[in-house]
Amino acid sequence: MRPFRYEHAADREAALQAGRSAAAAAGEAHVRAPVQYLAGGTTLIDLMKLDVMRPEVVVDINGLARQHGEIRSGPDGLQLGALVRMADAAEHPAVRRDYPVIAQSLELAASQQLRNMASLGGNVLQRTRCNYFRDVTWAACNKRAPGSGCAAIGGPDRGMAVLGVSEHCIANYPGDFAGALAALGATVDIEGPGGRRVIPFEELHRLPGDTPHIETNLAPGELITGFSVPAGPWTRRSLYLKIRDRQSYEFAIASAAVALDLDAGVVREARVALGGMVAKPWRSHEAEAALRGHPLTEGSAQAAAAAAFAQAVVHGEDRFKPELGRRTLVRALLQCAAMEI
Amino acid sequence: MEMTLNVNGRDHRLSLDSRTTLLDALREHIGLTGSKKGCDQGQCGACTVHLAGRRVLSCLTLAAAVQGRAVTTVEGLAQGENLHPMQAAFIAHDAFQCGYCTPGQLMSAVACVREGHAASDEAIREYMSGNLCRCGAYPKIVAAIREAAPQMAPKMERA
Amino acid sequence: MADDAGRPTGGLIGQPHVRIDGRLKVTGQARYPADEPLANPAYAYLVISAISRGRVAGMDLAATKATPGVIDVLTHENVGQEVKPPMGPDGKPTTTTLESDQIWHDGQIIAVVLAETYEAAREGAYKVVVRYAAEAPSATFDSPGVEVEPLKANETRHDPAKGDAAAAFAAAPVKIDARYDTPIQHHNPLELFSTTCVWEGPKLTIHEGTQNLYWLKGSVAGQLGLDLADVRTISRFVGGGFGSKGAPTSRTAWIAVAARRLKRPVKLVTTRDQGFTIATHRAETRHHLQLGATPDGRLTALVHEGWEVSSRPSSYNVSGTATTARMYACPNIATKVTVVHADRNTPGFMRAPPDTPYMFALECGMDELAYALGKDPIELRRINDTQTDPVSGKPYSSRSLMKCFDAAAGKFGWAKRDPKPGSMRDGDWLVGYGCATACYPCNIGPAAARLSLTPKGKATIQLAGHELGTGAYTLLAIVVADRLGLQVDDVQVMMGDSDLPPVPGAGGSNNAASTSNVAAKACEAIRQRLAMAAVRTNAGIFAGVDPATLTLVNRALVGPDGRSEPLETAASRVSPGAIEAHVENVPQGLPPDAAAALYHGRASLLRGQSREDVTAFAFGAQFVEIRVHRRTCEIRAPRAVAAFASGTIVNPLAAHSQYQGGAIWGIGSALHEQTEIDLRTARYVNHNIADYLVPVNADIGEVDVIFVPEEDHEVNPLGVKGIGEIGIVGMNAAIANAVFHATGRRIRKLPIRIEDLL
Ligand SMILES: Cc1cc2nc3c(=O)[nH]c(=O)nc-3n(C[C@H](O)[C@H](O)[C@H](O)COP(=O)(O)OP(=O)(O)OC[C@H]3O[C@@H](n4cnc5c(N)ncnc54)[C@H](O)[C@@H]3O)c2cc1C
Ligand code: SF4
Ligand code: FES
Ligand code: FES
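Chains as they are written, first to last, in the numbering used here: chain A, 2 to 342; chain B, 787 to 945; chain C, 625 to 1382.
Note that these hints are calculated values from the structure, not bench results.
Note that this is a predicted model, so its numbers are computed, not measured.
Note that the Cβ used here is the ideal one computed from N, Cα and C, for glycine as well.
Some hints here could point you the wrong way.
Cβ pair distances, simulated, as ranges [stated by the list, open to error]:
{"#": "1", "chain 1": "B", "residue 1": "800", "chain 2": "C", "residue 2": "648", "range": "21 to 31 angstroms"}
{"#": "2", "chain 1": "C", "residue 1": "640", "chain 2": "B", "residue 2": "936", "range": "19 to 29 angstroms"}
{"#": "3", "chain 1": "A", "residue 1": "6", "chain 2": "C", "residue 2": "1123", "range": "40 to 50 angstroms"}
{"#": "4", "chain 1": "C", "residue 1": "1303", "chain 2": "A", "residue 2": "35", "range": "55 to 65 angstroms"}
{"#": "5", "chain 1": "A", "residue 1": "296", "chain 2": "C", "residue 2": "962", "range": "51 to 61 angstroms"}
{"#": "6", "chain 1": "C", "residue 1": "679", "chain 2": "A", "residue 2": "141", "range": "20 to 30 angstroms"}
{"#": "7", "chain 1": "A", "residue 1": "138", "chain 2": "B", "residue 2": "799", "range": "34 to 44 angstroms"}
Mimicking DSSO-like on lysine-lysine, the simulated pairs with C-alpha atoms at most 27 angstroms apart in a straight line are [to be verified]:
{"#": "8", "chain 1": "A", "residue 1": "50", "chain 2": "C", "residue 2": "751"}
{"#": "9", "chain 1": "C", "residue 1": "786", "chain 2": "C", "residue 2": "1044"}
{"#": "10", "chain 1": "C", "residue 1": "960", "chain 2": "C", "residue 2": "716"}
{"#": "11", "chain 1": "A", "residue 1": "50", "chain 2": "C", "residue 2": "689"}
{"#": "12", "chain 1": "C", "residue 1": "799", "chain 2": "C", "residue 2": "786"}
{"#": "13", "chain 1": "C", "residue 1": "799", "chain 2": "C", "residue 2": "999"}
Let the hints inform the model, and build the full structure from the sequences given.
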């Protein structure tokens, strides 16, 4: 870990003030800015120890919990403060009842200790688990060292992405909660030196393309203050299915966040997001379109799954992933349709 | 950085690097070596402590960030000579072998019960999955928690 | 209860007892080596190589040295001459570290940064700029540039063979001919590898988690050219070993050199990822197995050929054919093992080193043969069971294999199994049952111990034993209390320090046998002195009685007719204070110099497969229920039952934990664990315990253990066979066999994962 200055921000204004010096690094990616916000620290401190992230200033934003630490549920939808802890959101009665896909995406993630620490804002900004990225002794990693190449292509790639990848980076976006937010069409509340803005969650993360080091559309110094999830007839019939080798405490190899509005078995609206093999949180509009207006059956679920993975790109060991992804989605859709609500 | 850490009810004034984690502060600077380092990356749970009553990983927590909040470690679990019911149950059920994961398991187990996540064996298994035990004491850890949970009278509990 | 000589004992051996060190472990007071309080320590951080073959062409240390807090940097240039390289796990030359600029493998130690704080040492290490002269490395089997070395038999290594296996196989009416693979695995004990060195004048004290205090001591003394008496190793509690802390490794001597240069204690706690390359691992193996049988199921041919990967300089191998060749009655046996040298770190012992990979092949093969014959897998093993070692013709000291199968099958509910693959279901889950034989050779070594007994009935036993979680402290307290007629709480056990009398390393499951037998011998020495004094005096009640008939029970010396005299009275005749005994035990069959060699850290074990008198193994049967999701193919193991017959069980409570832990290791081994290697660079990729998967609590359901009673008077006086390793041995195959039963897919490589079943 490189030396840094530790600052504690009592409130949002103080945090933004401290973040302003990062804004000077305009053009740099948010995650590479010299000032980093510290929420739970479960991504940031980990990557600083590994020498992957080297901020000069670490601004502790846990004091913002008073302003941005609440969960509000109402007729319009759900508001989640950025400083809400994963564990608290996962256990919130309204979230569990009305947005089960969110509760499940959180409670199936990490461990209870980590969920007690980690914030929702930090969670969506967690970084890839690509081991070539996390180990700085690999020289080639376009995400960590722009322009250096990609050591992962051609290596053991079981944990890599097959959707949205480029020839510059095949890293998987590992988070679970982001899938739920993407599926439900959430928006992100952002405050920055330039003021407030709200963007669709789907636009928060970027595809790697030829700039995998720029992971989000946040500008340096910008602060996520919360998420809004619109209400909809599909949110109660929703679930998160996570497939992994062990039963718990592991990132997904495949996942599906699905929500359905059914009318006598016919899909009025479907929401689908995929994980475990995606370059960024991945809403599958293709799968949704394939389902809309059709009875939800094994056959229509298969067709949706085929559409979702039509563009998958495989490299080596990861050849099985599109098939696993399809099966995961089919299973999730059928399970979701069978939910008693 | 000058800082004051409150651990097991006692204040410790320390001068530490801003990079020092809570785990290293406990082990290397305060002399409380009960909390263990099994990975230093949030992957094993051996460093689990309670921060303001909630279980967290001390290896991913900066010491500087916990000033003013109560830290409880395994050394703070027993009251004098009286073991916490969870400690006694771990001994009775042989819920450890090498004992290296045990401090973290105990801190997690006590929190698991307090959180209300010990209602069934299945819940215990899931909510104890953030604590690896390479010796494979899992079935006995579950048995110990099952037994200790009803004995954890509220009066035993610190706020 | 009676011992082997028919004398009554205290009845404590075989009674479950909670760990006497339990309180220390649950209160955070048990002191592992990195917990040792130190005055003014400096902190070390390792720099490891990022290439797998070549040389260090140069290092730029300027930024490191300019880092606030950094004191010194060790490299091959400044300290390379100060240390002789350690030997490998097989006692032969292995890869080196700072002795030269040569790089043998990924993650090799190439520098040590020393600083005032841990944080500064780590920062300094990150700033070291290394220039490499890299060469193309060979990663593993089939990589270009590997060297293939077919192993030859010598005094210690044999290729068990008998009859004409090739001809018998060719002629066999029923055949299995299959190839199996096992992966690279790392022990990953939860405790990180650490070393702390403290000098006082010429004397060096090393705090390091080790399974072999005297070997470590002897090795470091030799490497640094120190007097053996000047080196002390301390390791009171070890946070898991599983073999990884068995043989000395290179880091220790460098930390000693660092502490000498800095004239203050130096503490190194390595990182999890460094642990993958600065210690050992289980090498990947390949197997070609041929089984021939008659239509009624009798084996006629067994051909087992194995391949193992090792480093360039070391031929370390596990040659588990020594086990598989003697498992079943078979008239024609041929075996062969080949080492493939690659640019890798040297492998080493890992829980049941030979048996785990080799029995995977054999026990899967037996299951395949059972299906080919249309026979129940248990019946196939019964047909081929034997009480005679098929290779040597010697009797087994005891072999309760089929009793284990029957006990475990009953408890498991094997009778409910429909043998047809894919036939059993529970909702969306395919259900499969599988079983396999477990076994482990009974090893015992020479050992020494010091025992004292006060007239008030307090005993202290001292020996340089190792507590890795096996319950070693408690085991000795039970044996001593049992033999001296005391309560377990009356016995203090001192271990974990090379200033105490030597015992062999804790490996090869010899620990319980070696230490309990020497402890019993020490107790017998004290009993004899009490008894001799009692019968010689005219004053006492035992005048003229045969001293062999006097026993110690309940703090009293007791005669054959039940008359007794308080211990205090009996003891006062021998000595005014405590009575002391210092004994050495050299099991029959070992060379007479075995005791002397022990003090130099060279313990020769009497091995179960190579004894003159009998072949000595412990046996068990392991059953597993596997569930595979019919769509997404996750594999879960909710239930396992195992039965073991391992002779005398001193403490069933700790033994149960050992067996259970072994079975859980087996679940990890079969379904989770694999170190991934980048074939282009010969570097490990998933070197952390989020990506190197080991089971978590939620992966483990019921793991039942049955103790099959067994008395074995041949194996050693106490009849202790060892339990630490057998628990994993049958699991890989039992799980693979259950996966076949659940799905109809025969997976012949480990770990078995989702993608194998899609
Ligand atoms: C062993 C392990 C297992 C895990 N398993 C899973 C899993 O199964 N599924 C899963 O989804 N996740 C998993 N995680 C990841 C974990 O959920 C994330 O690390 C965590 O959610 C990040 O939140 P945080 O508050 O700790 O973020 P921090 O580490 O504090 O911050 C992360 C990044 O976001 C920035 N940041 C934080 N908050 C804000 C904000 N409000 N505005 C702007 N920038 C901000 C920081 O500057 C930093 O760059 C795992 C982590 C570990 C260590
Ligand atoms: S996949 Fe992406 S993160 Fe991984 S090495 Fe390649 S560029 Fe880096
Ligand atoms: S040491 Fe903190 S989780 Fe492993
Ligand atoms: S008791 Fe050894 S790791 Fe849990």
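Does the beta carbon distance between residue 296 of chain A and residue 962 of chain C stay inside 51 to 61 angstroms, or does it fall outside? holds (60 angstroms)
Residue 141 of chain A and residue 679 of chain C - C-beta distance against the hinted 20 to 30 angstroms: holds (22 angstroms)
Honestly, do residue 640 of chain C and residue 936 of chain B meet the 19 to 29 angstroms range at C-beta? Between residue 640 of chain C and residue 936 of chain B, where Cβ atoms are some 24 angstroms apart, the hint holds.
Does residue 50 of chain A pair with residue 751 of chain C here, judged by a C-alpha cut-off of 27 angstroms? Holds - the C-alpha atoms of residue 751 of chain C and residue 50 of chain A are around 13 angstroms apart, at most 27 angstroms.
Pairwise beta carbon distance, residue 800 of chain B to residue 648 of chain C, judged against the given window 21 to 31 angstroms: holds (27 angstroms)
For residue 138 of chain A and residue 799 of chain B, compare the CB-CB distance with the range 34 to 44 angstroms and indicate the outcome. holds (39 angstroms)
In this structure, is the beta-carbon distance linking residue 1303 of chain C and residue 35 of chain A contained in 55 to 65 angstroms? violated (38 angstroms)
Sort out whether residue 786 of chain C lies within 27 angstroms of residue 799 of chain C, counting only the CA atoms. holds (19 angstroms)
So if I understand the rule, the pair passes when the alpha-carbon distance is 27 angstroms or less; does residue 50 of chain A with residue 689 of chain C pass? holds (20 angstroms)
For the pair we were handed, residue 960 of chain C and residue 716 of chain C, check the Cα-Cα distance against 27 angstroms. Between residue 960 of chain C and residue 716 of chain C the Cα gap is close to 21 angstroms, so the pair holds against 27 angstroms.
Residue 786 of chain C and residue 1044 of chain C were given as a pair; does the straight-line alpha-carbon distance stay at or below 27 angstroms? violated (35 angstroms)
Quick one: are residue 6 of chain A and residue 1123 of chain C within 40 to 50 angstroms, going by C-beta? holds (48 angstroms)
Of the numbered hints listed earlier, those contradicted by the structure are 4, 9.
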